[in-house]
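Chemist: Listed below, chain by chain, are the residues.
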Amino acid sequence: MSRAVSALEGASHKGFVEVAEAGLVGMITLRGDLSSAKMKAAVKAATGTAIPAPRRIVTEGDRAAAWMSPDELLILVPYAEAPATVAALDAALAGEHHLAADVSDARAVFRVRGAKADEALMKLCPVDFATLEAGEIRRTRAAQVAAAFWRSAGDEFTLVSFRSVAGYVMGLLEVSSRTGSELFPA
Amino acid sequence: MSTRLPKGGRLIDRTKPLSFSFNGKRMQGFEGDTLASALLGQNQMMVGRSFKYHRPRGLIASGAEEPNGLVGLGQGGRFEPNQRLTTTELFEGAVTASQNHWPSLDFDLGAINDRFARFLPGGFYYKTFMFPRFAWKHVFEPFIRQSAGLGRVPQARDEDRYEYAYAFADLVIVGGGIAGLAAALAAGRQGKRVWLIEQSAHWGGRAVVDGVQIEGLEASDWVKETVETLEGMENVTLRTRTMASGLYDHGYLLMYERVADHRPGDGRPRHRLWRMRAGHVITATGAIERPLSFAGNDIPGVMLAGAVRDYVVNWAVSPGDRTVIVTNNDDAYRTALALLDAGLVVPAIIDARPAATGALPAEARARGLRVIEGYGIGHVKGSKRVTGVSLCVQAGEGAELETIACDAVAMSGGWSPVVHLWSHCGGKLIWDEAQAMFRPDAKRPATGADGAAMVTAVGSANGILNAHEVLADAHRAAGGKGTAPGAVCGEESPMLPVWIMPQGAGPALRMKMWLDPQNDVKVSDVQLAAREGYESVEHTKRYTTLGMATDQGKISNINGLAVLSDALNRGIPETGTTTFRPPYTPISMGAIAGEARGGIFQPLRKTPMHDWHETHGAHWEPVGQWRRPYCFLRHGEGIHDAVNREIRNTRNAVGLLDASTLGKILVKGPDAGRFLDMLYTNMMSTLPVGKCRYGLMCNENGFLSDDGVVVRLSEDSWLCHTTTGGAERIHGWMEDWLQCEWWDWKVYTANLTEEYAQVAIAGPNARKLLEKLGGMDVSKEAFPAMEWREGTLGGVRARIYRISFSGELSYEVAVPASEGRAFWDALLAAGEEFGVMPYGTEAMHIMRAEKGFIMIGDETDGTVIPQDLNLQWAISKKKDDYLGKRAQERSFMASPERWKLVGLESLDGGVIPDGAYAVAEGHNANGQRNTQGRVTSTYFSPTLGKGIAMGLVKHGPDRMGEVLDFPVDNGKVVKARIVDPVFYDKEGEKQNV
Amino acid sequence: MLILECPCCGVKAEETELTPGGEAHLKRCGPGSTDDEFDGYMFARANPRGVHFERWRHAYGCGKWFLAARCTATLEVFGTYPAQSKQPPAELQAKIKARRPGWEGWT
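Chains as they are written, first to last, in our numbering: chain A, 1 to 186; chain B, 1 to 993; chain C, 1 to 107.
Among the hints, erroneous ones may be present.
Stated by the list, open to error - As a list, the in silico PhoX-like pairs of lysine-lysine whose alpha-carbon atoms are at most 20 Å apart:
1. K95/C / K27/C
2. K746/B / K86/C
3. K780/B / K975/B
4. K954/B / K975/B
5. K27/C / K12/C
6. K428/B / K443/B
7. K27/C / K885/B
8. K691/B / K772/B
9. K746/B / K38/A
Claimed, not checked - According to the in silico footprint, chain B covers these stretches of chain A (three or more CB under 8 Å from chain B):
10. 3-15
11. 39-50
12. 132-143
13. 161-173
14. 177-186
Unchecked claim - Restraint-style ranges between C-beta atoms, simulated for each label pair:
15. G479/B / D33/A: 46 to 54 Å
16. A46/C / T240/B: 43 to 51 Å
17. A11/A / E832/B: 29 to 37 Å
18. G265/B / A98/C: 52 to 60 Å
19. W106/C / S493/B: 31 to 39 Å
20. R581/B / R49/C: 16 to 24 Å
21. T931/B / R49/C: 39 to 47 Å
22. A46/C / T931/B: 36 to 44 Å
Keep in mind the hints are simulated off the structure, nothing from the lab. Nothing here was measured: the structure is a model prediction, and the numbers come from that model. Heads up, the beta-carbon is just placed ideally off N, CA and C, and yes, glycines get one too.
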């Protein structure tokens, strides 16, 4: 039995939106030629999805593939499956220049839930939420640290940061979502 | 006296009285009051004293331009000095105190400065400091320090919170007067994403006070209707209490929202700083009225005419029972009429123009008011309050022709458009001769990223003072379709520029004509500056302090530069304005800091074992944004004792170091070996799979930049360890070269620093500990030094590197970060029988120093090359090139005169102070002792029982055994001998087991 | 505060999401170069008032380096383009020439 724990062990806060650490998520940095046939097959096998378009995340059940840069994807799978998925990707891409690395333990994942979830993030990220497109993953900063987020449900954003700053990010989200500090009160 | 009128006041709600205090005195106002209107309503005209002469100061204005009405507001954690009365909304229980006086506002000892005013002219700072020399230290500085500073510094921690918010819009319209509303209406109807912001709590600006009719409605009704229409548009966002603080490059607009100033402590953030990106900005910021310069124009009771009107109409407070109007334009007549409407007395309208012939003067005359043409005020009578004015001919020198008793003076010298935002990012101004104002030059706007105009000024901010034309201008600028809303407002006849009153006033009068009442700058001061050779308006500003007060000269600048231009006998446009800089009005430090305070002041990076360290006595050391345990303090133990204990335990039993912070960068690809050969000074392509090698990285200037162990993971992949502080930097450095120089090389990198928790297990019992955990063969035979193995250790996926920075038998184990804490706990539990004990960074530093290993940041400082540290063994001779190689070939880099690494031992066994310099014979050109070396790291070694150090010394390696002098504090000299830098276990027997 | 569109991911990034990297199109001088050549590569930087080519990294984003052409006096941005360019693209040069007729051109 794994003794793995996420950085904040699922801590949560409730303000005008609810913020919660989502626990461990399997994540793989996959770099390579995103247009190659082998890559398409490898990603399909790992996540059941196609290669996402630039700045998009495509989801299939509890798996997803997110476009991170022109030569990099982030593969999301259940935590326990990450090592095997890395091995499978390496096998599928054998002979082709690529890099697949398990980064599940280097990240913290947060869910920001509620009708005004975007207002909590608008205080932290220099991003125009009105122009955020459907299925778009946005890499940016949250206050002073790197972050990436996407709209994972109608009124829910998923935000990913580095593990070492999970406490800082939770602090940011808690302060930003305090009741009464809505940016556009009804 | 000033008083609350029995009826009227469009902004106050008389059914909601609010109590507050001023200098301890309980007072009452109404909801909708500002602190200023509430104080006036309680006959508190005098609200402070001036900065330099401590003269009594009363309210002059009704808005952001107010120079005098500054108070300390609040108590304890909510106290803040210099709060502007005119822009602070009254709230229940407000505690206010006036500033800049001692012992009290009414009786102030500092007012003696006023008697010595002629010894404190413009530029007195600069003059007095010159002579005599002793006087600065013993007389002037103590005096100035005691009197300097406005208000009191808050002592308690700020109880409020603040935040940022990022926003984006096609168009931001600044100013919620009729111009801003008309522009918003026009732009909103086109479907643009529009923000309309207003600094006060109310929409409508001046037009609602001036009795303008718009589209057949009273202005206030049109405003109400328009706001409702705008609120119904989904694409329009309306914000009151939001001030555009500054406009910066590419449409970056800082907007300061005072969310809860009017309801302190209600749980909301007090201020919010909107970091807006605007496609375009329309400034509908209106205009500010100018005072007139006549003697005694600073006496409480002398106010701007527009402000007097505001107080009467908006808040139903009268500044005085008998108010004399003095003006050079028609607009001030509106004040006279408003006072009449309120049942107050206007003894006379003194109009500096030879003839007042417009419709407004005609109406005033028709209502029985006395209009005195061609006259001015000679001087104002009174000290803490106006008691009357003497009249003179404007064209003359000030001979008194008549005296009128009054308790208030409403003055108007014309209007200055608020061009701050227009100017912040480079918009230029032109001088409008007819209206005597600088207004935006539409041909020379600030430009944005696309090179096109980024800002448009409309309405009064654009120099248009007629309401009908204001609406047309705003509608047109916002791209409005159809006809603009029309207004009926009455024609005004031309104004007459009047810069001093009377125009021939002599020195005695000019010494009493205030330009800047907060900083006490007078007409005579500016004229003196001109006589003393100050021609640049910027220099004159600094010399006289004109416009340097907290209001930044909103009412004083134009008058001041007109006086300067006159004194220099040149035109106002040739003199020009001072630079308009953000913020428009002061914004709180809290808003600037945003959410960054307390626990989230800055990111704190934590390893998976951080919490264990925290609860086990960690004495923290910041390393970049990480916190690493410097040592672990046990009960009653000092830092030095703890470090020594940790070292002895590691050398004799086994120690654990949390090394998770070390950078770990995966480099993979067919060209990875070739790439690393360029990056490191030594050869990495030849490193066999399964092995580790210590490597050095230099920058292109040849200087040592980072070091660490490189691991060959597979045929085409390497793992590069970096220093704790170097991980992100080195990863970025790698990507820079791969993306920008060798982009055809097939190499990928990934920064895996945080994926792994890493623990160094060092000491004679290290192997026993790992063997007890079990799962991997760590024997000497199966696992030699400088190799790595992968497997499962104690049930955890692990990669073990057999590397040592302590000189002990040592393994560094990397496990998934999520299991780091569990692994750490397992090590402690299993190691108990072997005497396991964690150690901190200081123990690590000392142990590596005992072994003569260099430390990036100690032995290196950005000017040290590997050759200086005798690291030639780590520099490949076979390679044609590596980053830094060419730089190291320069003559001064190859010079034998460079200081080189040696060990140092003080003769008395003590610790040499860090950074101490070794002196050489003779002195340099500056008369300082010549030097021949310096200490780079120095410690007490508990292993050896004495001080040890490393340093860089000229010809050092050739001078073993020589003794150097290190002068330290108090004239003492530490003598130290040059020795081999490897102090402990020179043969490396301890780790080779 | 600038906004530059990252040509690698298309995000219009604000300056706080970027890190600057100095002058673009430098030619590296390694071993074999003269002292003067190396000195020029290492230290001599253009500092024009007007058209300038620079390196930027979309650090809080896709992590890629890119190049930007901008006017240092007005901060007008003429365009951004991939870091893997030996010189500014021809159409960008033409655009700059049109906007700044006095520009001496790419050398």
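Chemist: Are any of the numbered hints broken by this structure? If so, which, sorted upward?
Modeler: 1, 3, 5, 8, 11, 12, 19
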